[in-house]
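Trainee: Here is how the chains run, residue by residue.
Protein chains: 2
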Amino acid sequence: MYSQQELSRFFEEKLREERFDGNPHQLYDPIQYMLDLGGKRLRPVLTLMGYGLFGDDLEKALPQAIAIELFHNFTLIHDDIMDNAPVRRGKTTVYKKWDSNTAILSGDTLFALAYQYAQKADSDILGEVLSVFSRTAIEVCEGQQMDLEFEKKNDVSVEEYIEMIRLKTGVLFAASLKIGSLIARASKEDSETLYKFGEVIGLGFQLQDDYLDTFGDEKIFGKKTGGDIVTNKKTFLYLKALEKADDTTRKQLIDLYSKTGDDEEKIGTVKNIFRELKVDNDNIELINQYFNESISFLDKLNASDEKKQELRKVAENMIKREK
Amino acid sequence: MYSQQELSRFFEEKLREERFDGNPHQLYDPIQYMLDLGGKRLRPVLTLMGYGLFGDDLEKALPQAIAIELFHNFTLIHDDIMDNAPVRRGKTTVYKKWDSNTAILSGDTLFALAYQYAQKADSDILGEVLSVFSRTAIEVCEGQQMDLEFEKKNDVSVEEYIEMIRLKTGVLFAASLKIGSLIARASKEDSETLYKFGEVIGLGFQLQDDYLDTFGDEKIFGKKTGGDIVTNKKTFLYLKALEKADDTTRKQLIDLYSKTGDDEEKIGTVKNIFRELKVDNDNIELINQYFNESISFLDKLNASDEKKQELRKVAENMIKREK
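Chain order of the listed sequences is R and F. Position one of the first sequence corresponds to residue 1 (this note's numbering), numbered consecutively onward. Position one of the second sequence corresponds to residue 1 (this note's numbering), numbered consecutively onward.
A couple of the hints might just be wrong.
Pairs count within a copy or across copies, as identical chains cannot be separated in the list.
[Stated by the list, open to error] Below 30 Å or equal to it, Euclidean Cα-Cα: the simulated DSS-like pairs (lysine-lysine) are: (1) K97 to K152; (2) K97 to K259; (3) K234 to K323.
Derived from the structure by calculation, the hints contain no laboratory data.
Use the sequences and the hints to build the structure in full.
Mentor: Set out below in structure tokens:
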């Protein structure tokens, strides 16, 4: 079983061999640009790992790994339009570098290209692979819609937030692993266990993301913290704080989150409230809970301990990372 | 073999049995709204006809017919954002009724839903069906990109225009027919011939659309003519006129097409130029040429004359219609 780093390098090389340079080039340039931005390639690595648990010829899972990465990048291109995000991975986003119309249409094309890779699966499993792929695509859209709605909604519960990140983030990790295992003809039981493993590490991953955005060490995190507070994002930290706060603090928080603008004082005040209410601990505790849950799924898998060990490391990297 | 009208009614009924009412409802409402706007359902009818030439159980082709119609509606939702179109089929467009973000995301969801229907094909032909489906989706995006670029481009040739409408319109008619025939296990040769038939009737359909937009009888056409002239759309009529005009008239035309605004005088002047240069006749002649070409493909098909007769009628309706 290869390590995460080895698989990431393997995937990166293979992805670079694929060229997305069709015509009209105005349609394909943004696609190649987006893919060249790089990233951790976590999802395709999970596909390769899901395959590697049960199969020996990694190349066989490659089209699916590429499909997953293309799909993920399609969602990023469209999300950046919806979120008015000017920067991604330190570079100008597609819709800012070109325009919204180009971003819509290049995204659509990328979605179809993702299917072109997904449908390379052998015919005996093609139906099942695509069924996972399409259901996941729909769920990711549902998650993004919930995320957009939460911006305007004032009574979001912690449970609703978890359901949103499950759909927006968890199911794609889950599907990445499951599809990999399907290519290796894993049993129905194993591929379903792997799905659940991916779903909870996805939740842990997103909660860690939220935590680092507020409490990360800027030197290690690599970017300014407090972004979610500045943009009034209703994360677990905020929603849990509302739940635990007394009336006065709750009003103060709601008031702070009704203002816009980049404000160091606001960040400091909110972080203090979070700390006083100990929701930073709650956040870490929930992450640990998901991590433990993921390990219990891993234990159930019918694969060698050595192979499962690599997957455990990935879960640790994803959930306990500092950047 | 059922007639176009019978199949259209059959499809409409079946489509209404499918409900697109998931959660969050803000994501699904625009989808149901768009599908409820109706339309001629030409493309799914072609899928059913493509099937009907070689098979007897129409229900078998229904998921593919629905997939094609969902895909078509997805492209309309996104195109309306890109074209700033406020009205479609007499109703407010999705992006105007809701907003751009909703239209992007509901469109994406509809694209994935289309695949959910497409992938219901039996496993022995699933790979081929999806290969046609995805390639077509990509080509339709390429066509839309060319269409957007033509707005700003000053040296579009007639050939480039034909290639644009082939991609934006022709290939989807072609794929609709071919996929239907694949479901009925038509021979490779027949399904390819049917594809070519669909491609040329698609070209004829779009050229007739252009012609009616300028020279249609408003009483029969059902809407005001001259829309393409008002928006300076580079149609066959305009591009062919530029080709045939002397320098003075060419300058006059380019000048007229550099102005915006709803102007009866402009419409009148441009129509007169088109008539003087006889590009209205050229347009009709080209449509007839495509119609004749479509009939030659029909002749080659290994299916009963009675069945082919219904397809000939559809081609006539599509190309020689007055509205």
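Trainee: State for each hint whether it applies.
Mentor: Hints, verified against the model:
Taking identical chains as interchangeable, the C-alpha atoms of K97 and K152 lie at most 30 Å apart whether they share a chain (28 Å) or sit on different chains (18 Å). Proximity of K97 and K259 under a CA criterion of 30 Å is satisfied in both settings, with 29 Å inside one chain copy and 28 Å between copies. For a Cα distance limit of 30 Å, the shortest separation of K234 from K323 inside one copy, 21 Å, qualifies, whereas the shortest one across copies, 52 Å, does not.
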